[in-house]
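Enquirer: Spelled out, the chains give:
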Amino acid sequence: MTWLLVAPIALPMATAALCLLVWRRPRAQRAISLTGAVALVLASAGLLRAVWTTGPMAVQPGDWAAPYGITLIADPLSALLAFLGALVGLGTVVYALGDLDRGREFTGFHPLLHALLVGVGGAFVTGDIFNLYVWFEVMVIAAFGLIALGGEDRQVDGSVKYVVLNLIATTILLTAIGLLYGITGTLNMADLAQVVPAHPDQGLLTAVAVLFLVAFGMKAAVFPMYFWLPASYHTPAAAVSAVFAALLTKAGVYAIIRVFTLIFTEGQAYTYGAMLVVGVLTMLTGVLGAIAQSDLRRVLSFNLVSGIGFILIGVGLGTVLGLAGALYYTVHHIVVMSALFMAAGLIQRLGGADGLDRLHGFYLREPWIAVLFFIAAMSLAGVPPLSGFWPKVIVVKASLAEEAYIVAAAALVTGFLTLYSMAKVWLLAFWRSEPAPASAGAAAAPRDTQGERAPVHGRRLLVAPMAILALASLGIGLWAQPLMVFTEHTARDLLAPDTYIETVLGENGAATADGEGAHDAAGE
Amino acid sequence: MENVLAIAVGVLVACAVYLVLARDLVRVMLGLTILANGVNLLIFTAGRVTRDAPPLIPGDAQGPAGVMANPLPQALILTAIVISFSLTAFALVLTYRAYVAMRTVDVDAMRLAEPAYPGQRLPRPGDADVADAGAAGSETGDGAARNVPEAAQ
Chain A
28 MTWLLVAPIA LPMATAALCL LVWRRPRAQR AISLTGAVAL VLASAGLLRA
78 VWTTGPMAVQ PGDWAAPYGI TLIADPLSAL LAFLGALVGL GTVVYALGDL
128 DRGREFTGFH PLLHALLVGV GGAFVTGDIF NLYVWFEVMV IAAFGLIALG
178 GEDRQVDGSV KYVVLNLIAT TILLTAIGLL YGITGTLNMA DLAQVVPAHP
228 DQGLLTAVAV LFLVAFGMKA AVFPMYFWLP ASYHTPAAAV SAVFAALLTK
278 AGVYAIIRVF TLIFTEGQAY TYGAMLVVGV LTMLTGVLGA IAQSDLRRVL
328 SFNLVSGIGF ILIGVGLGTV LGLAGALYYT VHHIVVMSAL FMAAGLIQRL
378 GGADGLDRLH GFYLREPWIA VLFFIAAMSL AGVPPLSGFW PKVIVVKASL
428 AEEAYIVAAA ALVTGFLTLY SMAKVWLLAF WRSEPAPASA GAAAAPRDTQ
478 GERAPVHGRR LLVAPMAILA LASLGIGLWA QPLMVFTEHT ARDLLAPDTY
528 IETVLGENGA ATADGEGAHD AAGE
Chain B
10 MENVLAIAVG VLVACAVYLV LARDLVRVML GLTILANGVN LLIFTAGRVT
60 RDAPPLIPGD AQGPAGVMAN PLPQALILTA IVISFSLTAF ALVLTYRAYV
110 AMRTVDVDAM RLAEPAYPGQ RLPRPGDADV ADAGAAGSET GDGAARNVPE
160 AAQ
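One line per chain: the protein sequences are A and B, in this order. Count along the first sequence from 1, add 27, and you get the number used in this note's numbering. Count along the second sequence from 1, add 9, and you get the number used in this note's numbering.
Chain A extracted, bound-state conformation (with noise of 0.2 Å):
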């Protein structure tokens, strides 16, 4: 079953090669990508599937021995944020089958997107932290490629900031890499789990630490340090947005729960109290920056750096029912931002505009996708029953019990402005019956330049994998148990390391520290 393990990998990887040796034909490239898409949820979901019934697994590629070698290894939180990667990656092929001008889909697109989705689940299940830089860049560089797509003058400008902070975030992340193997020697996670806790010299190793909050938070976007990707996620083409919304910043906040739940376990009330209060800062500013925006992609952008604060207090607050309501939500988020920002594609491009000065009426002209916004955005603003109310109530239960109020009354302000600002796009954009005249601004005028009500094409290619995003927030909000049994048991996981430490070393492996039983246990 081991190779289900390497399928997150070498599936997308193998999707992308393909579509490369087909470039000139746009049908069977098509093909090939959607059915690799297919293939890659199918396989993720066996891993999943594996890996809740039987625990963890592990495997040495080239039959390196654990410390030496790069460990590849799935525990429930990478195998779940595989799966949904996986998922989110099909749905984005559906959607940029509908979506996408010939000009783009046909100069790389469909490699592009596999790139991406190989760096995501290679970031998602590898078990060395140098391997992680790597996977990070790979990301990174399939994400350059997708931003800049098509290569208009606003999307040149909008990755010009995109490539030089993710530049300089990879290059932070390969200094604290550096620094922690000049310290502790080793590079494979399972390995550094056991030293760092037991190193002498806390200090330099907090400080390292703080280097990694610091290199992954410019990953995920947390204050002050999003500014990126709000001036950049509105540019690309609907579907790149919604891939890049639903997984970039998410592959940051993985990094950050894999890192300070197993590695920096010492030293916690420096760097947990420093996410609550990064947290606490980007939740609110996230969220003011969304209310004051009236472009609908640039709404949504801010929204989702919020959303990445809240997920940063729930593991900031460093107890399980914290870090069960930050996974919770993670899953929550990944679906209803995607979903959103393919809804954002869909309304520019059936009202012919970005900006919700000039945007009206879609709630009588297109009732359906109307109601499909409103779940999702319901959902964002986290009013029950849908998907974003559940890890609300878990966290700030959480950060009461912690006695941590002002977190508590972060979240439940940044959950009210939310409200505002998904009420507003719905009042302007939806309920409005007439655009008022005057409103549309001189400004706003250039940007809008991409489409005068272009006729839609395909136009079931784009709703379909909007709706299915949509009703599975509304499912994951109405029938919560699984999901909250499956967080909970996983936070408790990662905050009690034993099982992920065993499965890559072996059991003498984990009871010496140096390492030497492991060598010895898997050369059988």
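Just to be clear, a hint being listed does not mean it is correct.
What the hints assert, rightly or not - Some but not every residue of chain B turned toward chain A, in silico, with C-beta under 8 Å:
#1 V48
#2 A98
#3 A100
By construction, these hints were calculated from the structure, which means they are not laboratory data. Quick reminder that beta carbons are idealized off the backbone N, C-alpha and C, glycines included.
Following the hints, complete the assembly by docking chain B onto the known chain A.
Expert: Relative to chain A, chain B alone:
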């Protein structure tokens, strides 16, 4: 030896930070390249600078005979160099495209994706003077940004 390398890393990173903070995009890109090199040197130093035997294991042995040099940092650096090379190539092309699209390399004046400051004057795609002056000077990082009107504060 470690001390000298540590100082070199510090100087490289300081230069890189100075360049990255500039408003000129070409300088930012140069800064990123220097930063990547500084970090590579940091990994090299963090992996301990030793002059032991080469890390080769004889064909009939199970492990190394004595103390040997650590090959891992070099492997890490090689990976990082390859990655930063490809990313730099992409970033430079993007810089050129940004210059063509916006007629400026001043990051403050790049306002196609985001709204400008109130009252800010931006270069237009048709501006001929920047194109003439910039054709020779922009890639060296000097001059092109100077032609941009200062942002009204």
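Enquirer: Take the hints in turn and mark each one as holding or not.
Expert: To see whether the hints hold, each was checked on the structure:
1. Below 8 Å, beta-carbon pairs count as interface contacts, and V48 (chain B) has one with chain A at about 5 Å; its hint therefore holds.
2. Of the supplied interface hints, the one on A98 (chain B) is violated, with its beta-carbon coming no nearer than about 10 Å to a beta-carbon of chain A, more than 8 Å.
3. Here the hint on A100 (chain B) is kept, as its CB sits about 5 Å from the closest CB of chain A, short of 8 Å.
Violated hints amount to a single one, hint 2; each of the other numbered hints is respected by the structure.
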